[in-house]
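One-letter residues, chain by chain:
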Amino acid sequence: MKVWTCVVCGFIYDEAAGLPEEGIAPGTRWQDIPEGWACPDCGVAKADFEMVAV
Amino acid sequence: MEHIVIIGSGLAGYTLARELRKLDKAVPLIIITADDGRYYSKPLLSNALAQGKTADQLAGAFAPVMAEQLNAEVLAFSRVEEIDPVARSVRVAQRVIAYSKLVLALGADPVRPQLAGNAADSVLSVNDLMDYARFRERMAGARRVTILGGGLIGCEFANDLSHAGHQVDIVHPALHPLDRLLPEAAAQDLQRGLAGVGVTWHLGHTATAVNHAAAGYAVTLDDGVIIAADAVLAAIGLRPRVTLAQAAGIRAARGIQVNRLLETSAAGVYALGDCAEVAGHVLPYVMPLMAQARALAATLAGTPTEVVYPAMPVMVKTPACPVAVATVAEGLAGSWQVACGEEGVCALYQDDQQGLLGFALTGKQAGQRQALAKRLPALMP
Ligand SMILES: Cc1cc2nc3c(=O)[nH]c(=O)nc-3n(C[C@H](O)[C@H](O)[C@H](O)COP(=O)(O)OP(=O)(O)OC[C@H]3O[C@@H](n4cnc5c(N)ncnc54)[C@H](O)[C@@H]3O)c2cc1C
Chain A
1 MKVWTCVVCG FIYDEAAGLP EEGIAPGTRW QDIPEGWACP DCGVAKADFE
51 MVAV
Chain B
1 MEHIVIIGSG LAGYTLAREL RKLDKAVPLI IITADDGRYY SKPLLSNALA
51 QGKTADQLAG AFAPVMAEQL NAEVLAFSRV EEIDPVARSV RVAQRVIAYS
101 KLVLALGADP VRPQLAGNAA DSVLSVNDLM DYARFRERMA GARRVTILGG
151 GLIGCEFAND LSHAGHQVDI VHPALHPLDR LLPEAAAQDL QRGLAGVGVT
201 WHLGHTATAV NHAAAGYAVT LDDGVIIAAD AVLAAIGLRP RVTLAQAAGI
251 RAARGIQVNR LLETSAAGVY ALGDCAEVAG HVLPYVMPLM AQARALAATL
301 AGTPTEVVYP AMPVMVKTPA CPVAVATVAE GLAGSWQVAC GEEGVCALYQ
351 DDQQGLLGFA LTGKQAGQRQ ALAKRLPALM P
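Each protein sequence line maps, in turn, to chains A and B.
Residue numbers for the first sequence follow the UniProt record's numbering, beginning at 1 and rising by one.
Residue numbers for the second sequence follow the UniProt record's numbering, beginning at 1 and rising by one.
In case anyone wonders, no lab produced these hints; they're calculated from the structure.
Model, not experiment: these values are computed from the prediction.
Be aware that one or more of the hints could be misleading.
Said to hold, decoys possible - Taking lysine to any residue pairs in the SDA-like style, the calculated list, with each CA pair at most 20 Å apart, reads: (1) 374/B / 50/A; (2) 46/A / 42/B; (3) 53/B / 46/A.
Claimed, not checked - Simulated DEER-style distance windows between Cβ atoms: (4) 23/A / 77/B: 41 to 47 Å; (5) 228/B / 51/A: 43 to 49 Å; (6) 368/B / 48/A: 24 to 30 Å; (7) 36/A / 77/B: 57 to 63 Å.
Where is the CB? At the ideal position from N, CA and C, for every residue including glycine.
Hey, can you work out the whole structure from these sequences and the hints?
As structure tokens, this is what we get:
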């Protein structure tokens with residue numbers, strides 16, 4: 001499981017935790033999140049996120 | 001032939017260019033910018049010091065790389081001095097550049113505090129990458145830092161500076177930090193959180209003078225108290241850059257006024273980001289500019305598209321006490337229901353039907369922001 005961070009605002013997406021409040025179940029891999037998804041804090045598109053190794 | 005000119009290479013200018021290229025790969029595009037044209041994310045500037053990040057580490061691609069990625073011409077270090085909306089051209093030094101569509105993505109200037117004293121000019125502000133580079137250099141030798149302004153940006157810098165080992169004083173005219181955004185209980189929690197990491201508050205006061213002292217500076221407050229500081233940082237607000245537009249007869253009030261198509265009062269001239277006042281809203285945050293950029297890109301690509309604002313909570317990046325706030329849309333009446341506990345403050349602004357209109361969450365409660373945001377009415381449906 002990986003952790004991703006928004007390059008614009010620093011929001012963190014942790015695959016293990018998912019985002020249940022956004023309807024994204026724990027364990028959802030980054031690649032399985034819909035392309036139209038955007039950062040919940042700043043609205044940057046999924047394509048513009050960057051991966052951070054933890 | 002159709003060609004688009006964007007003035008400004010901040011998040012607004014570059015995001016618009018990127019969104020436009022998703023829809024139209026070919027239309028000639030020129031981006032003119034007064035700075036170096038390097039891509040960077042401004043929100044990261046207020047929590048980079050404690051992470052030890054240099055300006056270079058925060059920055060992304062240089063102007064020539066951005067130009068290639070965006071299939072655009074990027075004119076860096078080029079300040080537009082004049083817009084001629086009749087001839088449809090802009091002037092940069094001696095050069096006149098024609099446009100068929102012009103986009104103003106000019107950003108906002110930090111408000112300079114009104115200060116007496118022989119060191120008033122030494123007060124720093126951080127509003128772009130180059131400011132950050134200067135700021136970081138100055139912080140290297142500074143132990144005590146005084147911040148003027150306890151708003152969002154002032155509080156973020158206070159947290160970051162104290163994490164980085166500096167002794168921070170904040171001077172703020174209201175009795176609580178972030179008083180314009182937060183109800184009292186939430187503001188007090190933030191105040192306590194920052195005090196807990198060593199920040200000293202001077203609430204209910206303003207600074208009147210900054211003078212050179214034997215070591216560093218002496219910051220004088222309106223009650224005569226003097227704070228010793230090695231550096232002074234102002235974060236007392238931002239003012240949309242409107243003068244270039246106003247000089248061209250383009251209508252502006254708090255910001256450059258645009259309708260929901262992001263059109264100014266001049267034909268073929270648009271505005272977005274921190275410089276814009278969109279149907280009466282001035283919202284200097286990333287979420288609104290992303291929504292604007294997507295709508296304007298579609299409009300410029302030939303499909304007139306009005307900008308829509310969902311509810312857009314703002315996160316205050318103060319790890320000592322994270323805060324999420326969704327301000328109440330104008331004209332909506334209700335009252336605050338405040339619950340405080342170990343997990344922080346959960347303040348909900350509700351109408352008399354228990355409908356949620358806004359919120360302020362601190363500490364662990366901030367984690368609920370996305371779930372609660374879904375229950376809020378759209379800011380501009
Ligand atoms: C420290 C800090 C932290 C922040 N944190 C957050 C956050 O966590 N979340 C959030 O949502 N928002 C945050 N914000 C706000 C957010 O960063 C801004 O809303 C956003 O970056 C504005 O982008 P912009 O492109 O409109 O303006 P800018 O980035 O200011 O860009 C303006 C551009 O216009 C150019 N320009 C201006 N005049 C001329 C001219 N005459 N000729 C040519 N070029 C010109 C400038 O050189 C620059 O390239 C923060 C802001 C600051 C300062």
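To see whether the hints hold, each was checked on the structure:
Between residue 374/B and residue 50/A, the direct Cα distance comes to roughly 26 Å. Violation of the 20 Å bound is thereby established for this hinted pair. Annotation: proposed proximity of residue 46/A to residue 42/B holds, straight-line Cα distance about 19 Å (limit 20 Å). Taken as a hint, the residue 53/B and residue 46/A pair is broken in the structure, with Cα atoms around 24 Å apart against an allowance of 20 Å. Checked against the hint of 41 to 47 Å, the pair residue 23/A and residue 77/B passes, with Cβ atoms roughly 46 Å apart.
As the Cβ distance of residue 228/B to residue 51/A is approximately 44 Å, the hint placing it in 43 to 49 Å holds. Between residue 368/B and residue 48/A the CB atoms are about 26 Å apart, so this pair conforms to the stated range of 24 to 30 Å. For the pair residue 36/A and residue 77/B, the supplied restraint of 57 to 63 Å is violated, since their beta-carbon distance comes to about 37 Å.
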